[in-house]
Every structure is written in structure tokens, then in C-alpha cells.
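K.L.:
Here is how the chains run, residue by residue.
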Amino acid sequence: MPILDSIDRRLLSEFQRDLPLEPRPYAAMADRLGIGEAEVIARLARLSGQGVVSRVGPVFAANRAGCSTLAAMAVPPERLEEVACLINAYPQVNHNYERSHHFNLWFVVAAPRRDEVDAVLDDIRDRTGIEVLDLPLVADYHIDLGFDLQWN
Amino acid sequence: MELSDRDLVLVAALCDGLPLSPRPYAALGTAIGMDEAEVLDRIAAMAANGVIRRLGIVVRHRELGYRANAMVVWDIPDGEVDAAGRRLGDCPEVTLCYRRPRRPPDWPYNLFTMIHGRGRTEVEAAIALIAERTGTAGFRHEALFPVRRFKQCGARYGLRAAAE
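First to last, the sequence lines map onto chains B and X. Numbering of the first sequence is given in numbering that gives the first Met the number 0, commencing with residue 0 and proceeding in unit increments. Numbering of the second sequence is given in numbering that gives the first Met the number 0, commencing with residue 0 and proceeding in unit increments.
Calculated directly from the structure, the hints in this document are not laboratory data. We put the beta carbon where it would ideally sit given N, CA and C, even for glycine. Some clues are possibly wrong.
Taking lysine to aspartate or glutamate pairs in the EDC-like style, the calculated list, with each CA pair at most 16 Å apart, reads [said to hold, decoys possible]:
hint: 1; chain 1: X; residue 1: 150; chain 2: B; residue 2: 80
hint: 2; chain 1: X; residue 1: 150; chain 2: B; residue 2: 81
hint: 3; chain 1: X; residue 1: 150; chain 2: X; residue 2: 62
hint: 4; chain 1: X; residue 1: 150; chain 2: B; residue 2: 97
Non-contacting residues of chain B with respect to chain X, defined by C-beta distances greater than 10 Å in every case (computed) [said to hold, decoys possible]:
hint: 5; residue: 30
hint: 6; residue: 31
hint: 7; residue: 34
hint: 8; residue: 77
hint: 9; residue: 120
hint: 10; residue: 123
hint: 11; residue: 128
Required output: the full structure, derived from the provided sequences and hints.
P.N.:
Dropping the structure here:
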């Protein structure tokens, strides 16, 4: 894990939501942190390079800006890498994890429309010969305030 | 709310995040033929009506030491799932809480929560506490821990073809 100083930590903790909607948002963040705009930008670039920051921008509500589903497969262990690799290659797939369960491969498919999501799931079924559970969102019960980082 | 094609072009451009330059909304707009004011107005509208859940820094949990992100799945009676979902969704340790369909006979669970922690022991303790606190301990549930991450990036939405 990269070494983060107190400014990095404040940056990561305090700006996961309510990014200023004004022409120079990094300058507004800099004012709050007591540093310069260029330093905010440089720190964000470094944290992105280190993989700590995925991006600065919006998190879209699932099924509002497009259509997505959670999919699960029970893949024989000896085929897991092959199938995971095949799934990774779809640009519509944005998460793909092996998890400790009989259903051992879990991935998210997102696209502008539902028919494109269906086409990806059908294609994966056809190419692998393995059933795919399609688990689309029915209701969302969590209000996203960002991730509560504990620095200890 | 229906998004217009112009909104969808902006959504596609935003999937990679804002540029790290002094006027990021202007820079993003230049690439898709919108001025800075239009970009700001459209983002504000999508934030106000819930298309955008939040706007800010998106961190990678794993790189910050949160390596055990358990997906805890619950089998809650249909009549109680909304109330249970709201109680679980309010817990600070829970970062996602969705109702999804059951797929009998293979898949009996209808509520999905994501719980992050630094290690498996810590997460297992948190799950037990949360279940107790929210009155869901008596319902069948399982924790699925990550073994390998094959891919993780932002979702791709919007109309990319129209933008390019």
C-alpha cells in the first residue's frame, strides 16, 4: 500500500462526494485544503498512477444512465482462468471476481440498453456452455455517500 | 427521467472521469462539442434527479488496504425484504445494498450487501454484528469472499458512437 501523507488522506476522505460544480473544481478543493490548485492536480495524478484513485467524476446509479446486471456462473475450477479471460474481453464487463462459493465467478455487465446486456449474457452462455445467472437490480436500499476510510 | 441523446453523449464521456486539468468541465466539453456551462448544467441536473449517485473521487478499496470485500447474500421473505434492505443499507459498513431476483432452485437469495474490511476476520465479525443489529441474523445468509480479481473498471454507459 502506498504511503499517503495527511493531505492525501484528507483529499481521499473529504472529496468523494460534492465535487464542486464550478469551472475550477480543483481550485475550490485546493482552497479547502490550504494548498495550490496545481498541487491538487499533481496529487490526484499521482494517486491515480498508484492505483489508489480510480477516477474523479460521477458514480452513476445502476439502471438509470444505462442498464446493468450482476451475473454469476458455477465454473469448473480447471476452466476458471479460461472463462474469466473470455469474460474480461467484453468491454461491457466492468467487474469480474472469483468468489468463494459454488457460484465462483461474479461479474457485472453494463450497456446503454437491456438488449445489449442480454446479447452479452447469451454469447457467454453459448461460448462457454455454462449457465449464467442473470440477477438484475430490483431495488436499491443504500444511499451512496462514498467510502468511509479509517486511517489507522 | 429519460436521458436525452445529448445527456448520453456526456455520460459516455464521463465514464473515464474528469480530466486532471484546471478547467476539467470545459476540457471534457470540448471533446464532445459542448461548452462548459452546458456540461455543468447537465451534470447538475443528473445529480439532482438521481442518475448520478455522487460526484467526486472514486477510490479503489483494495489499494487502500481493504482487501476483504464480502458480498453477503440474504434470503429474506418477500414481505420483509424492503424493511430489512433499508436497515442493512443504513449500516455504515455496508457500501451496496440491492434487492435482486431469486433463481430457484440454484439461487435462493434476494438481498445483496457489500461489506468492506481489511481482513476476513474483521469482516466476519462485522457481518455478525450487523445481522444482530438489523434483526436479520435469523434469515439464511452466506458471505462470498473474493479469491481473485480478474477485472475492475468503471461501468461504460452512454452513447459513445455519437460522440466520436
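K.L.:
Each hint should be assessed against the structure and marked as holding or not.
P.N.:
Against the structure, the hints:
1. X/150 x B/80: Holds: residue 150 of chain X and residue 80 of chain B sit about 12 Å apart, inside 16 Å.
2. X/150 x B/81: holds (14 Å)
3. X/150 x X/62: holds (14 Å)
4. X/150 x B/97: holds (10 Å)
5. 30: holds (14 Å)
6. 31: Consistent with the label, residue 31 of chain B stays out of reach of chain X, its closest Cβ about 13 Å off (over 10 Å).
7. 34: At roughly 14 Å from the nearest Cβ of chain X, residue 34 of chain B sits farther out than 10 Å, so the non-interface label holds.
8. 77: Residue 77 of chain B clear of chain X: closest Cβ-Cβ about 15 Å, beyond 10 Å.
9. 120: Non-interface label on residue 120 of chain B holds, nearest chain X Cβ at 13 Å vs cutoff 10 Å.
10. 123: holds (14 Å)
11. 128: The claim holds: residue 128 of chain B sits with its nearest Cβ about 16 Å from chain X, beyond 10 Å.
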